[in-house]
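Dock chain B against the given chain A, drawing on the hints supplied.
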Amino acid sequence: MGPLVPDIIGNDLNFIVALIIGIFFGIILEQAGFSTSKKLVGLFYGYDFTVLRVFFTAGVTAMVGVMALSHFGLLDINLIYINPTFLTSVIVGGLIMGLGFVIGGFCPGTSVCAAAIGKIDAIIFIIGSFLGVLIFAETYPIWEELYLAQNWGNPQLFSMLGISQGLFAFLFVLLALFAYFIVSMIENKANGIKKPAVRFTPYYISLAVIGFALAISAFFFPDKKISLIEMSKNQEVVQNYELNYITADELACRLMSEDKRIQIIDFRPSADYEKLALPKSISFTIDNLFEKEPSKILYLRHKKNILIAKDDEEAKRVGFIANELGFKNIRVLKGGFEEFEKTILDFAPVAEFASDKTSEKDTYRFRFRASQMLPKLIKDNKPAGTVQKKQKRVVGGC
Amino acid sequence: METTKYMNPYLAGVLLGLLLLATIYITGRGLGASGAFKSAAVATVEAVAPTHVENSKFYAEYSKEHQGSPLMNWLVFEVIGVLIGAFISGVVSNRLTWKLEKGPRISSKTRIAAAVIGGILWGIGSQLGRGCTSGAALSGMAVMSAGGIITMFAIFGGAYGFAYFFRKFWI
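Protein sequences appear in the order of chains A and B.
Numbering follows the working numbering, in which position 180 of the first sequence is assigned residue number 173; successive positions increment by one, without gaps.
To get the working numbering, take the position in the second sequence, counting from 1, and add 10.
Take these hints with a grain of salt, some might be off.
Stated by the list, open to error - Derived DSS-like pairs (lysine-lysine); straight-line CA-CA distance at most 30 Å:
1. LYS31/A x LYS67/B
2. LYS178/B x LYS187/A
3. LYS182/A x LYS178/B
4. LYS188/A x LYS15/B
5. LYS67/B x LYS32/A
6. LYS385/A x LYS74/B
7. LYS32/A x LYS74/B
8. LYS67/B x LYS385/A
9. LYS74/B x LYS31/A
10. LYS321/A x LYS217/A
11. LYS119/B x LYS382/A
12. LYS188/A x LYS178/B
13. LYS289/A x LYS268/A
14. LYS67/B x LYS187/A
15. LYS383/A x LYS15/B
16. LYS31/A x LYS15/B
17. LYS285/A x LYS74/B
18. LYS268/A x LYS187/A
Honestly, the hints are just simulated from the structure, not real lab data.
Note that the structure is predicted; figures quoted are calculated from it, not measured.
Extracted from the complex, chain A is given alone in its bound form (with noise of 0.2 Å):
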């Protein structure tokens, strides 16, 4: 699961990475033609868009890119940079910005890749924002007030809007489909081009079936985990779920021979788990199994993973998501923690057990024999706690 840095790729291997992602971030901007100040503005005084439409395109291919691959477990979103929003600070830099674009004809990223091709202006542009940012340094105490007001923190968009990711993406392509057919009858309006903007042409055509399918397909990469965690709560289909089970008996069994291929994967409320722990059991959340960390501990060979939940429906919950997620090696505790209790922890005993069959007779044996030894395995053998969760969002921006 992504991202790869810092497991996969370490942080020095990274700095190779950036230098190689660097060069074709370059060799991108040079060709679309960013290295040159007269195309840049030109899409503020109408006769070149191109910044437009290579912004957005990127800009929503990536969109769609990243809800594709968080859909399919490929990226923990939990991990991924989300950039802050100070609302005041953002606005006014913003404008500043913008103003800045206008004076200048540059912004950062295009002024270095202009400069690389021996663009003067790009230079000069360059010591300037070096000189902004010192600026910026000496004169912070008048900003700083500003520059802290309003932490929002990291929220994404669509949660802000209240609309669903699919939706917003959605929306966010139609948007920007309708801004390519706007300013290219701009564009030819100011470059005097007679010719309608959008012909019936094989190349329009494509790219507006190309547009819509990218548009749409956001609606077939929902948030798994808010789509998977609203689909379990539907009794009717987590009911008839095929599931793994192990009944009380044979973990009770398992745990009296201190079998070492389980493990015990806890997901009852944290007020449950410390008050009476099966002995190694690891305190587990829903949210837990979404995440890259947390959910490593699943993938662990030779290892029989143990779903506790508190009771039956909870444990056909906690089953279902674990399954779907494509974790291997599950097997639900049959009726959940509640079930255990009863049979074996709670167990009492009869004063006369009056059965014929042989099989009642040595369960009934065996659930007396372990009422009698699992509390002392549990109070001699302490539960791991809760799952470890180290990674940390990257840190990111400018």
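Then chain B, alone, in the frame of chain A:
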């Protein structure tokens, strides 16, 4: 030799989008540019006036967030890559020239002054915006960050609002 035409903007956009996606998948962060300028500025001040760095709040906060030398920074390496990549592309498409580009109605001096002022504004604005067009607007759009998308609209909205007053610079 004639210079090659620029790439189709939609194709360039898709390629840039895929690169950004790969960046997020590999590193967990997006592309950027202004952060490298910031690192370079901090490194310079650290070298020239180390005592000043210790007493200034801005630098203190920077070193709290970043460990080690300010130049050992992801964006510094990425921006060096941009320089190399753009140079390669310029060679391939035969676009390498020393040139001061300006609108037809202004002098070279005005263009130089405008480039410096524009740069200064970006230097200040990108601090407040927590990133520039790449780091805040483009990468923010990819992860649907509210802050990033608001910055994007502020940059482009601002530029359209101010464009009229500076039209002489360009057309």
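(message) If you test the structure against every hint from before, which numbers come out violated?
(response) Going through the list in order, the structure violates hints 1, 5, 7, 9, 11, 14, 15, 18 and respects the others.
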